[in-house]
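Peer 1: Here are the chains, one letter per residue:
There are 2 protein chains.
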Amino acid sequence: MFKRLFFLALISFNSYADLRATGDLGVVIERAEGSALIINHSQNTTLAKIKDLGDLSHASVVFSRDQRYAFIFGRDGGLTKIDLLKDKVAKRVIQAGNSIGGAISQDGQFIAVSNYTPGGIKIFSTESLELVADVPAEYGDKKLSKVVGLVDAPKHHFIFSLFDAGEIWVVNIKNPEKPIIKKFKNSGKQPYDALLSPDGRYYIAGLFGEQGLALLDLWNVDQGVKRILPDYGKKDEKLPVYKMPHLEGWAMAGDFMLIPAMGQHEVLVIDKRQWTLVKRIPVAGQPVFVMAQPDGRQVWVNFAFPDNQQLQVIDLKNLSIIKSLTPGKAVLHMEFTPRGEHVWVSIRDDNQLVIYDTENFKEIKRLPANKPSGIFFSSRAYKMGL
Amino acid sequence: MFKRLFFLALISFNSYADLRATGDLGVVIERAEGSALIINHSQNTTLAKIKDLGDLSHASVVFSRDQRYAFIFGRDGGLTKIDLLKDKVAKRVIQAGNSIGGAISQDGQFIAVSNYTPGGIKIFSTESLELVADVPAEYGDKKLSKVVGLVDAPKHHFIFSLFDAGEIWVVNIKNPEKPIIKKFKNSGKQPYDALLSPDGRYYIAGLFGEQGLALLDLWNVDQGVKRILPDYGKKDEKLPVYKMPHLEGWAMAGDFMLIPAMGQHEVLVIDKRQWTLVKRIPVAGQPVFVMAQPDGRQVWVNFAFPDNQQLQVIDLKNLSIIKSLTPGKAVLHMEFTPRGEHVWVSIRDDNQLVIYDTENFKEIKRLPANKPSGIFFSSRAYKMGL
Numbered sequence: 263m264f265k266r267l268f269f270l271a272l273i274s275f276n277s278y279a280d281l282r283a284t285g286d287l288g289v290v291i292e293r294a295e296g297s298a299l300i301i302n303h304s305q306n307t308t309l310a311k312i313k314d315l316g317d318l319s320h321a322s323v324v325f326s327r328d329q330r331y332a333f334i335f336g337r338d339g340g341l342t343k344i345d346l347l348k349d350k351v352a353k354r355v356i357q358a359g360n361s362i363g364g365a366i367s368q369d370g371q372f373i374a375v376s377n378y379t380p381g382g383i384k385i386f387s388t389e390s391l392e393l394v395a396d397v398p399a400e401y402g403d404k405k406l407s408k409v410v411g412l413v414d415a416p417k418h419h420f421i422f423s424l425f426d427a428g429e430i431w432v433v434n435i436k437n438p439e440k441p442i443i444k445k446f447k448n449s450g451k452q453p454y455d456a457l458l459s460p461d462g463r464y465y466i467a468g469l470f471g472e473q474g475l476a477l478l479d480l481w482n483v484d485q486g487v488k489r490i491l492p493d494y495g496k497k498d499e500k501l502p503v504y505k506m507p508h509l510e511g512w513a514m515a516g517d518f519m520l521i522p523a524m525g526q527h528e529v530l531v532i533d534k535r536q537w538t539l540v541k542r543i544p545v546a547g548q549p550v551f552v553m554a555q556p557d558g559r560q561v562w563v564n565f566a567f568p569d570n571q572q573l574q575v576i577d578l579k580n581l582s583i584i585k586s587l588t589p590g591k592a593v594l595h596m597e598f599t600p601r602g603e604h605v606w607v608s609i610r611d612d613n614q615l616v617i618y619d620t621e622n623f624k625e626i627k628r629l630p631a632n633k634p635s636g637i638f639f640s641s642r643a644y645k646m647g648l
Numbered sequence: 263m264f265k266r267l268f269f270l271a272l273i274s275f276n277s278y279a280d281l282r283a284t285g286d287l288g289v290v291i292e293r294a295e296g297s298a299l300i301i302n303h304s305q306n307t308t309l310a311k312i313k314d315l316g317d318l319s320h321a322s323v324v325f326s327r328d329q330r331y332a333f334i335f336g337r338d339g340g341l342t343k344i345d346l347l348k349d350k351v352a353k354r355v356i357q358a359g360n361s362i363g364g365a366i367s368q369d370g371q372f373i374a375v376s377n378y379t380p381g382g383i384k385i386f387s388t389e390s391l392e393l394v395a396d397v398p399a400e401y402g403d404k405k406l407s408k409v410v411g412l413v414d415a416p417k418h419h420f421i422f423s424l425f426d427a428g429e430i431w432v433v434n435i436k437n438p439e440k441p442i443i444k445k446f447k448n449s450g451k452q453p454y455d456a457l458l459s460p461d462g463r464y465y466i467a468g469l470f471g472e473q474g475l476a477l478l479d480l481w482n483v484d485q486g487v488k489r490i491l492p493d494y495g496k497k498d499e500k501l502p503v504y505k506m507p508h509l510e511g512w513a514m515a516g517d518f519m520l521i522p523a524m525g526q527h528e529v530l531v532i533d534k535r536q537w538t539l540v541k542r543i544p545v546a547g548q549p550v551f552v553m554a555q556p557d558g559r560q561v562w563v564n565f566a567f568p569d570n571q572q573l574q575v576i577d578l579k580n581l582s583i584i585k586s587l588t589p590g591k592a593v594l595h596m597e598f599t600p601r602g603e604h605v606w607v608s609i610r611d612d613n614q615l616v617i618y619d620t621e622n623f624k625e626i627k628r629l630p631a632n633k634p635s636g637i638f639f640s641s642r643a644y645k646m647g648l
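Chains as they are written, first to last, in my numbering: chain A, 263 to 648; chain B, 263 to 648.
In case anyone wonders, no lab produced these hints; they're calculated from the structure. Since this is a predicted model, take the numbers as computed values, not measurements. Treat the hints with care, as some may be off.
Each pair may be met inside one copy or between any two copies, as identical chains are not told apart.
[Claimed, not checked] Here are the simulated DSS-like cross-link-like pairs (lysine-lysine), alpha carbons at most 30 Å apart as the crow flies: (1) Lys417 x Lys645; (2) Lys627 x Lys313; (3) Lys541 x Lys585; (4) Lys585 x Lys444; (5) Lys541 x Lys488.
Here chain A stands alone, though its shape is the one from the complex (with noise of 0.2 Å):
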C-alpha cells in the first residue's frame, strides 16, 4: 500500500513539476512524416513529437488565444488540434479533400480553411472544431473556385482570393450562422497568395495571370480593390519560377515593405505611403520569403532551388547585403523569437533545425528534425493576417 501510495504521490508531483508555461513554445512541421515537434524557444529545445497528422507537405498553423492550443493545417484536408500542454492531438477532423491554410479570428473564436477541393473556405469553432459555416467559392456558372491567402481581419473578417475567379472576398462572421459576404469582382487574374498589413488595414494579393498586386484598403472597402506595382510580377513567360514566394513572409519595416522579385534574383523594397518601388537589391538567388526581424533592423531572405542552400540578411538601414550564410541544405522557412534575438532556419535535406544569433550571425544550436519545413511560434497567436 505504500508503494502506491509513493507512486500516486510522485504522479501528483510530476503534474505539478511539469508546468509550462506557453509563451516560448512552438511547432515545427516535418513534412515527410507527416509530424510535427513541439519546441521551446528559450531552452532550445525539443520537448515532443506528435505524430499521425496526415500530409503535411505543405502545412501551416494558428495558435488559440490562450497560446495552448496549435491548429496544424495539412494539405489532405486535415485539421488538427494540438495539446501544447499535453503533448497530443486533442481534436482532429478532415474537412476537406485538399487544403492550402487557414486562419483564426480575431476573437479565437473561429478558424478558417481555405480549401481547394471543394474550392471555398470553412469556419470551424476552434473549442470544438465543429462546422460552423460553410462558404463554396462559386463563381460564373456554379463553379467552385480554388481559394488562397486567406486571412484574418479586425472585427470578424476573414478575407480570401480565388484563384480560378479572379475575385477577392470579405467575408463578416459576427453572426457565423450567418455570414455576410462582399465580393470583389475582377480583383485581378490568378491571385496566388495575399497578406495582410501587420497593422490590419490592407489586403494585398499577388497575381499569376498578370502584372501588378492586387491591393484592398480595409479603411476604405467602398473604393474597391485597386492595382498597385504595375510593373511587378513575372514578365517573360518563358522565365522559370522555381518556387512561388509566399506573401505572409512579405517584409513591413518602417516605411518599406520588402517583396522577393518573381523569378529574378531581387529584393524590391517598396514605400508603402506610394506604393512606389524605391530600390532592388540584388541577392544570391530567387527570394521565397523575406521576412522582417521583430526589432525593424534587418531582413532575412532565402531562396528557391537551386540556390536555397543560403540565407541573405537585408539590413535596412543601408538597404543592402550585410551577411550571406549557407546553413545547409534546402533552407525552407524561418521564424524569429518574438523579440527578434534569435532565428530559427529549417534546413530539409540535412534534417536539421539551426538557430542563429541575429545580432552576430553565429550558430546558437543545431536541433535534428525529420525533413522539417514550417516553423511557427505561439507568439503569432498575437498576429493579424495569419
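Fit chain B to the known structure of chain A by using the hints.
Peer 2: Same frame as chain A, but now just chain B:
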C-alpha cells in the same frame, strides 16, 4: 488509508485539471492594498489575488519571455516575481529606497529597475533576482540623478534618462558584469519620461524643464540627441498640469504618433517621418494615456482629474473623436487584448475593472478590484521598450 489514497489521487487530478496556458493572462495592480490580481482575458475572470507586495502606488509590470512570471516594480523599491502558474510570489527583494519602473532585456535574461533613491539603475537576473550590475546615475560633482524613462532596446541595451542631469544613457549589458555606458549630455532639461518606438528605433524623452522632446535615433547614435517638436511642452508657467502624461502610452499608429498636449485639452497628431505637427484634436480633458488599439484603427484616451471619469476614442481614418464614454470615477489605465477586440479599463474609485468591446463600445463585463490602477497583459512579454 483508502481515504488518504483518494486524497492523493485527488491532488494529482487537480493539478492536471489546473493546466493553464499563459497567453491570455494578466496582472492588475491594486494600488491601495499593495496587492495584485491575476486575470484571464479570454474568460474575463479573476484567477487569484496576490498580497503583500508593498507600496504599489506607482507600479509597473513586465513579463518573462515564457510568460510564466510577472515582475512587479513597486514604488518602495520592491521587486517581486510572481508565478502565474502557481498563483504565488516566487521571489521578492527590496532593491532600493524609491523606484519608478523597470524593463526586461530582449533575451529575457535581465531585469533593470530605475531608481530615484539612490539614483541609478540596477540590473538583476530574472531567474534568481540576484544583483548583476549597479549603474549609479552619477553626474557633476558625484551627485546622483533620479532615473526615468527606462526601456529595453534591441541587442542587449537598456536606455534611460537622468531627470536631474538632463542626460540620456545607453547601457549595453552584453557582458552584464561590465556594462558599457554611452552618455548623451545636454539632452534637455528635466526629462520626465520616455518611450521607445515599437520597432525599437527611436527613443524619445519628454522634457519638463523646457519645451520640445529629446530624440535619439538608435540606428544613428553617432548623430546624438536631437530636439524635435520645439513647441511641445508646458508653455505657460502658470498652467496647472494635473498629472504628468505617460509617454509609454503614446500611440504610434501608421505614419502618426499621437501624444497628449501637456496641460491642455488636446491630443497632438505628429507625422513621425518629419516629426511635425499635423493636427490638434480637442478632447475632454488633460490627456494622460493616449493608446493605439493593436489593430491600428483607433486610439483611446483617458484624462487627468477633474475629467478622469471619461474615456474618448479617436478614429485614425479621420483623426476625430468617434466615441465618448463615462466608465466611472477615476479611470486610471487601459490595456488592450493582444489583437485588440477588447479593452480593459481600471476605475479606481469605483473599485472596478470594465471590459469594453472595441467594435461597438459596449460594456462586456465589470469585475471587482480594490482601487485598481495599472493593467498589464502577458502579451507584453513580446514587446520592446516597455
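Peer 1: Tell me, in ascending order, the numbers of any earlier hints that this structure violates.
Peer 2: Of the numbered hints, all hold.
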